[in-house]
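Chains as they are written, first to last, in the working numbering: chain A, 1 to 368; chain B, 1 to 248; chain C, 1 to 312.
Hints are computed from structural coordinates only; laboratory data are not their basis.
With a cut-off of at most 25 Å between alpha-carbon atoms, the simulated SDA-like pairs for lysine to any residue come out as follows:
#	chain 1	residue 1	chain 2	residue 2
1	C	95	A	269
2	A	291	A	278
3	A	226	A	188
4	A	166	C	95
5	B	7	C	180
6	A	85	B	143
7	A	85	C	276
8	C	305	C	295
9	C	95	A	285
10	A	85	C	173
11	A	163	A	191
Residues from chain C that face chain A, not an exhaustive set, calculated with beta carbons under 8 Å:
#	residue
12	110
13	116
14	219
15	255
16	261
17	274
A virtual CB, placed ideally from N, CA and C, is assigned to each residue, including glycine.
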Amino acid sequence: MHEHLDIQLIAIVTAVACALPGVFLVLRRMTLMSDAISHAILPGIVLAFFLTESLSSPLLILAAAGTGVLTVLFVELLQRTKLVKEDAAIGLTFPALFSIGVILISRFAGNVHLDMDAVLLGELAYAPLNRLQAFGSDLGPVSLYVMGTILVLNLIFILVFYKELKLVTFDASLAAALGFTPTLIHYGLMTLVSVTTVGAFDAVGSILVVALIAGPPATAYLMTDKLSRMLVLSAIIGSVNAVCGYWLASLFDVSIAGAIATMTLFIFGLVFLVVPNRGLIAIARRHARQKWEFAQTMLAIHLFNHEGLPEAAAESAIADLHEHLSWDPVFTTQVVKYALNNRYVSREEAQLVLTEQGRAIAQQALVQ
Amino acid sequence: MEAAEPKAIEVTDLTVAYQDKPVLWDIDLDVPPGVLLSIVGPNGAGKTTLIKAILGLVRPAAGNVLIYNKPYEVQRRIVGYVPQRGSVDWDFPTNVLDVVMMGRYGALGWVRRPGKSERELAMQALEKVGMEAYTTRQISQLSGGQQQRVFLARALVQDATVYLMDEPFQGVDATTERAIVTLLQELRANGKTVVVVHHDLQTVTDYFDWVMLLNIRRIASGPVNETFTPDNLRETYGGRLAFMKTDK
Amino acid sequence: MENLSTLIHLDYTLMIVGIGAALLGSVSGALGTYAVLRRQSLLGDAISHAALPGIAIAFLLTGSKTPLILVLGAAIAGWLGTLLIMSIVRLTRIKYDSALAIVLSTFFGFGLVLHTLIQRTGNANQAGLDTFLFGQAATILARDVLTIGILGGIALIVMLIFWKELKLLVFDEGFAASIGLPIRALDILLTSLLVIAIVLGLQAVGAVLMSAMLVAPAVAARQWTNRLRLMVFLAACFGALAGVSGTIISSTMSRIPTGPTIVLCATVVVGLSIAFAPNRGLVWNRIRQQRHRHGLKTAADGLLKQSQQRSE
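Modelling step: build the complete structure from the supplied sequences, incorporating the hints.
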C-alpha cells in the first residue's frame with residue numbers, strides 16, 4: 001500500500017506543478033511552446049547526462065531548462081526574420097533539437113541507462129524505487145522531493161509576480177507601458193515551464209507532460225472567468241486526473257501516464273459537455289429556449305418596421321408571413337401562436353397588429 | 001426608367017444573428033440597377049455582415065435576398081466581390097496576375113485551368129486599375145493601395161453586373177482613392193450596380209449617388225441628397241457625431 | 001564474386017529504402033506546403049500523435065498487422081482528432097493552440113493505454129511502439145514502396161486536380177465561397193490529403209518527428225520562390241532529398257537512426273535556404289541593405305557636392 005501512496009503523491013505533485021504555469025500558457029495562447037520545450041530539451045538532458053551520469057542531478061535539470069529557454073529564444077529569432085511564421089518556427093525547431101538528442105543517445109549512450117521510451121513516455125511505476133536515504137533512514141522517493149521543490153518554486157513565482165503575470169497575460173502593451181518588462185516575465189515563465197517539464201520527465205515523459213500542462217487549465221477555463229479561481233481549479237482538476245488515472249491504470253494494469261492523459265481527456269470532455277453556461281448541453285438548451293424568444297422578437301420588429309407604411313398590409317398578412325421572413329410555414333404558425341399568447345401581437349382579420357407590449361419589445365431590441 | 005424594372009438587389013426582412021447576438025435586425029433594402037450605393041454606419045453596425053449575407057456567406061435567421069429577382073446561388077456569375085484587404089495573407093506565394101485571374105475561377109468551373117483568354121482579361125483589368133506594370137510582382141511587395149487595386153482588378157475580370165465591395169478605401173493613398181472613385185463611376189456609367197461599405201462620411205456626397213445608413217437596423221436608404229441628412233445621421237450614429245454638426 | 005553479390009543485394013535494399021523515403025518525403029513536402037500556408041504547421045504533429053489509438057484499435061479489432069489496416073486506423077483516429085480540435089475551437093473559448101495540445105497529448109496517452117493492454121495480452125512486441133514513435137525507414141520493403149507510391153500518388157493527383165480550388169481556399173476563403181466553391185468540402189478534402197501524407201510518413205520518421213517532414217520542406221521552398229506551383233514542387237524535391245540523404249547517411253554510419261537523420265537533413269536544407277536564398281534570404285537581405293545604405297551615402301555625397309558647387 002505504501003507504494004500506491006507514493007506513486008499517487010508523486011502524480012499529484014507533478015500534475016499540480018505542471019498545471020500552474022499551464023494556466024498562463026493557455027491564456028497566452030502559448031501552449032504549443034510547452035510541446036516544443038518538452039521535446040527540445042532532450043539534447044540538453046543527454047549532454048548533461050553524459051557529464052553527470054545521473055538522471056536526477058540538479059545539473060541535468062539546469063542544463064535541460066537552459067535548452068528549453070534556448071528553444072524559446074530560437075523560435076522567436078526565427079520569427080523575427082519574418083521568413084517563417086510562428087507555428088512553422090515551432091514546428092521546425094523542436095523536431096531538429098529532438099533529433100539531435102535521439103542521435104546522441106543512440107550513438108553514444110547505447111548501453112547506458114537512458115532509453116528513449118523512458119524519455120518519451122516516462123514510467124511512474126518506477127518513480128518510487130529511487131529513494132532518498134539520509135542518516136540511515138528512508139525519507140521517501142527522490143522524485144517526490146524533486147517535483148515538490150519545483151512545485152514550491154512555481155508557487156513562489158506565481159505568488160510573487162501574480163500582478164505582473166496577470167497584466168502581461170491580459171494586456172502586454174499596458175504592462176510594457178507601466179514598466180513591467182513583459183519580456184522578463186515571459187522568460188521567467190518559460191524557464192519555469194522548462195524546469196517543470198524536465199522534472200516531470202521521469203514520471204510522464206515528454207509527450208504526456210503536455211497533457212498535464214494544457215489539460216487541467218483548459219478544463220478550468222471552461223468553468224471560470226477569474227484567474228485566481230482558474231489556478232485553484234486547475235490544481236484540483238490536475239490532482240483528480242492524476243488519482244483517477246492511477247486507479248484506472250492499476251485496475252487494467254496499463255501505463256499510468258497514459259491513463260492519466262486519458263482521464264484528462266475524459267474530464268475535459270465531461271466538463272465540455274455539462275458545465276453550466278458554457279457547456280455543450282447548456283448551449284443547446286439555451287439555443288432551444290432562445291429560438292422562440294428570438295423569433296417572436298424578430299416578428300415584433302418586422303411588424304414594427306413596417307407599421308404605418310404603405311406596404312404594412314402586405315407585410316403583416318398572417319398567411320404570407322412565412323414568405324416575407326423565409327421561415328418554415330409550420331414554424332411561423334407556432335411563432336405567431338406564441339406571440340398571440342404572450343399578447344405581443346393581436347389579430348385583426350387576416351393581419352397581425354402589434355400590441356403596446358409588442359411595440360415595446362421591438363423598440364427595446366432595436367435600441368440595444 | 002421603366003416602371004417594371006427589376007431591382008438589382010432586393011433585401012427583405014433580413015435578420016442575421018451570430019449565435020445569440022443579433023447583428024442585423026429586419027433589414028429591407030432595394031437597390032435599383034445602375035446606382036453607386038454606399039453603406040454607412042458606425043463600427044459594429046453590421047455593414048460587412050450585410051454584404052456577406054447578400055453573398056450567401058452567412059446564413060440569415062430570417063428574410064430573403066434576391067439579385068435581379070433570383071436567389072444568389074443562381075445569380076453568382078453576375079456578382080463580383082471585393083473582400084476586405086485585411087482578410088487574406090498577403091505573404092501568400094503568388095503574384096499580381098495570378099490573383100487577378102482568380103476572378104475567372106467561377107466562370108471556369110471545376111478542374112479547368114485559366115489559359116490565354118483569362119490572362120488577356122486579367123491584363124485588361126490590370127490596365128484599368130493602372131497596375132499593368134506589376135503583373136509578376138509578388139503580392140507582399142505591394143503597397144496597401146496597390147493591393148486594393150489588385151483586388152478591384154480581380155472583381156473586374158468577374159465581369160459582373162452587381163459589385164459588392166467591403167471597405168475598398170481602407171488604408172489606401174489619395175491617388176488610389178481617386179483612381180478607385182473614377183473606376184466606380186465608370187462602372188456605374190456602364191449600367192453596373194455597385195455597393196460599397198464606406199467609412200468616410202465626408203466623401204459620401206462626392207463619391208456616391210445612393211446611400212444606406214445602417215446601425216443593426218436600416219435607418220434610411222435612398223438617393224444621397226434625400227437620405228444623407230443630419231437627422232438620419234444623428235439617428236445612425238447616436239451622439240457620436242459632433243464633428244458633422246459643425247460641418248453642416 | 002560472393003562479395004559482389006552481397007554488395008549488389010545491399011545496394012538493392014538501400015535503393016528500395018531510398019525510393020521509399022524519397023516518395024514519403026515528396027508527398028509530405030508537397031502537402032505540407034498547404035499546412036504551412038494555412039498556419040497549421042503543428043496540426044501535423046497533432047494528427048500524427050492522435051493516430052496511435054487508431055492503430056491500436058485497428059489491431060485490437062482485426063488482430064492483423066497488415067500495414068493497410070493499421071494505416072486506415074491511424075487515418076481515422078487522426079481525422080477524429082482534427083475534428084475534435086476544430087469543434088473545441090468553434091464551440092468554446094479555448095484557443096487553437098490549447099485544443100491542439102490537449103488532443104495531441106491525450107489521444108497519444110489513450111493510445112499508450114491501449115498499447116500496454118495489447119502488450120499485456122502478449123499479442124505484440126515493444127517494437128511496434130518504437131516503430132510508431134520513430135519510424136523504421138531502414139526496413140521499408142518493396143511492397144511498402146508500392147503502397148506508399150499508390151496512396152501518395154493518389155493524394156498528389158487529387159491535389160493537382162483541385163489545384164486552383166485548393167489554392168483559392170487557402171488564399172482567400174471568403175472570395176472562394178462567394179463564387180460558389182464548397183468551402184467545407186474542400187477543407188475536408190485538404191485535411192484528408194494531409195492525413196494521408198502523415199500516416200504514410202509515420203513509417204519513415206515516426207510520430208514525434210512527422211511535423212518536421214511537413215513543415216521543413218515547405219518553409220525551405222518558400223524562401224526560393226514566390227509562386228505556389230514552384231513552392232509545392234520544390235517542397236516535394238526537398239522532402240525527397242532529405243529522405244534520400246538521411247537514409248544514405250544513416251546506413252553508412254553505425255548507430256545513427258534513420259528518422260532523426262532525415263529530419264536533420266531537412267533542417268539543414270531549411271537553414272541553407274533561410275540564409276542564402278536569393279531575394280528573401282538573410283545574406284541577400286544584408287547585402288541589399290548595405291548597398292542601399294551605400295547608395296544613400298553616394299546620393300547624399302552628390303547632393304552635398306552640388307550644393308557646395310552652387311554656393312561657390
